[in-house]
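*Asks:* Sequence:
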Amino acid sequence: MAMSTAFMKAAFIPLALAGALSACQPNRPDGPEKLKAVVVSYFDCVTRRDFARMKTLTTPDFVIYENGKIIDNDGLIAIINGSPIAKATFSLDDVKIDVDNNSGSMIYINHGKFTQSDASTMTRDFLESAIFKKVGSEWKLHFVHSTVKK
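The sequence shown begins at 1 in my numbering and counts up one residue at a time.
Keep in mind the hints are simulated off the structure, nothing from the lab. One or more hints might be untrue.
Pairs of lysine-lysine residues, derived as BS3-like cross-links and limited to a Cα-Cα distance of at most 27 Å, are as follows [to be verified]:
#1 Lys133 - Lys96
#2 Lys36 - Lys96
#3 Lys149 - Lys69
#4 Lys140 - Lys36
#5 Lys96 - Lys149
#6 Lys55 - Lys133
#7 Lys69 - Lys87
#8 Lys113 - Lys55
#9 Lys69 - Lys113
#10 Lys150 - Lys134
#11 Lys69 - Lys140
#12 Lys55 - Lys140
#13 Lys55 - Lys96
#14 Lys55 - Lys36
#15 Lys69 - Lys36
#16 Lys69 - Lys150
#17 Lys69 - Lys134
#18 Lys36 - Lys134
#19 Lys113 - Lys134
#20 Lys113 - Lys34
#21 Lys87 - Lys55
#22 Lys87 - Lys134
#23 Lys34 - Lys96
#24 Lys87 - Lys140
#25 Lys96 - Lys140
#26 Lys149 - Lys34
Label pairs and their in silico Cβ distance ranges [to be verified]:
#27 Pro29 - Ala78: 16 to 24 Å
#28 Pro29 - Gly68: 17 to 25 Å
#29 Ser41 - Lys113: 17 to 25 Å
#30 Lys69 - His111: 19 to 27 Å
Beta carbons are placed, not taken as given, at the ideal position from N, Cα and C, and that holds for glycine.
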């Protein structure tokens with residue numbers, strides 16, 4: 001009996017040390033591609049006018065700073081619905097992302113192509129930055145700053 005207790009103690013110590021060491025390891029942040037996927041999905045929702053899904057990708061207090069205005073999701077939806085633009089497409093370039101366990105940031109150039117109902121088109125490049133928050137296990141867009149590139 002003494003031998004099995006000694007054996008159990010000897011086996012327990014390395015297991016306990018391994019568990020303690022792994023518990024002390026910092027959580028690894030998600031990869032930057034997860035944050036980029038949120039922005040790409042958000043602009044895809046804008047393109048498709050999928051406003052319900054668009055809102056699921058953001059925090060409840062999400063805002064965009066654009067052209068001197070502070071716009072929330074409802075304000076953006078009103079702008080889109082009142083716009084003569086029939087179709088919009090977006091692509092991202094020069095993307096730089098920083099991410100830790102609970103927050104992240106992204107800077108990028110957003111290339112927008114806009115087609116109006118009369119079939120005329122225009123393009124604009126926007127200098128943008130985004131801030132993300134992790135809510136539960138999901139990344140949410142919290143803030144975007146956008147200005148037209150000159």
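*Asks:* Hints first: check each against the structure and report whether it holds.
*Replies:* Now the hints, each set against the structure:
no., hint, in the structure
1, Lys133 - Lys96, "17 Å, holds"
2, Lys36 - Lys96, "9 Å, holds"
3, Lys149 - Lys69, "17 Å, holds"
4, Lys140 - Lys36, "11 Å, holds"
5, Lys96 - Lys149, "17 Å, holds"
6, Lys55 - Lys133, "14 Å, holds"
7, Lys69 - Lys87, "23 Å, holds"
8, Lys113 - Lys55, "22 Å, holds"
9, Lys69 - Lys113, "22 Å, holds"
10, Lys150 - Lys134, "33 Å, violated"
11, Lys69 - Lys140, "21 Å, holds"
12, Lys55 - Lys140, "10 Å, holds"
13, Lys55 - Lys96, "24 Å, holds"
14, Lys55 - Lys36, "17 Å, holds"
15, Lys69 - Lys36, "24 Å, holds"
16, Lys69 - Lys150, "19 Å, holds"
17, Lys69 - Lys134, "26 Å, holds"
18, Lys36 - Lys134, "14 Å, holds"
19, Lys113 - Lys134, "30 Å, violated"
20, Lys113 - Lys34, "24 Å, holds"
21, Lys87 - Lys55, "20 Å, holds"
22, Lys87 - Lys134, "31 Å, violated"
23, Lys34 - Lys96, "13 Å, holds"
24, Lys87 - Lys140, "25 Å, holds"
25, Lys96 - Lys140, "17 Å, holds"
26, Lys149 - Lys34, "26 Å, holds"
27, Pro29 - Ala78: 16 to 24 Å, "35 Å, violated"
28, Pro29 - Gly68: 17 to 25 Å, "34 Å, violated"
29, Ser41 - Lys113: 17 to 25 Å, "18 Å, holds"
30, Lys69 - His111: 19 to 27 Å, "22 Å, holds"
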